[in-house]
Structure formats: C-alpha cells, structure tokens
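Asks: Sequence:
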Amino acid sequence: MDGLLIRSIEEHLPLEMIYLANNQELSQRKLIVKEVNDDYIRAYCLSRKQMRTFKRENILSIMPDSQSKHRYLH
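In this text, residue positions in the sequence shown follow our numbering: the first is -7, and each later residue adds one.
Below, in silico cross-link-like pairs of lysine-lysine (DSS-like), each with a Cα-Cα straight-line distance of 27 Å or less:
| id | residue 1 | residue 2 |
| --- | --- | --- |
| 1 | 26 | 41 |
| 2 | 47 | 22 |
| 3 | 26 | 47 |
| 4 | 22 | 41 |
Everything labelled a hint here was simulated from the structure, so no lab data went into it.
Start from the sequences and build out the full structure, keeping to the hints where you can.
Replies: Dropping the structure here:
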C-alpha cells in the first residue's frame, strides 16, 4: 500500500478508497494523497472537494482510480 500512496503524492495519481469511519460508516472516496505517516494519511478528497485526514488502520481497500487516465504499473 505504501508504494501506491507515495506514487499518488509524486504523480498526483487519483486513488479509490473504501474507508470505515469511526462511527462504523463505510464510504467510497476518490482522493489524491498529499502526506503519509505511520498512522494517518492526508489527502485531497475529490468527493468532498477538501483536504481530509484518514486513519490508515481504517482503510479497507485502496487502488488506482479505474476511470483515471493514469494506469498503475507494478
């Protein structure tokens, strides 16, 4: 996951994420990662159109945005 997060920072690669909030609510978001640390990621949420902070432990799934012009290469 770290490689994908770093690539989003470096290339402004949009990612799709499934996230479980503290209130147990699931959400699917499109975002561009701006900062990464051991516990959190800071990202611009394309859905909410603002910067958001996400707990890494609550990220259930993350992958390149399937509708993006960019393609993820291993």
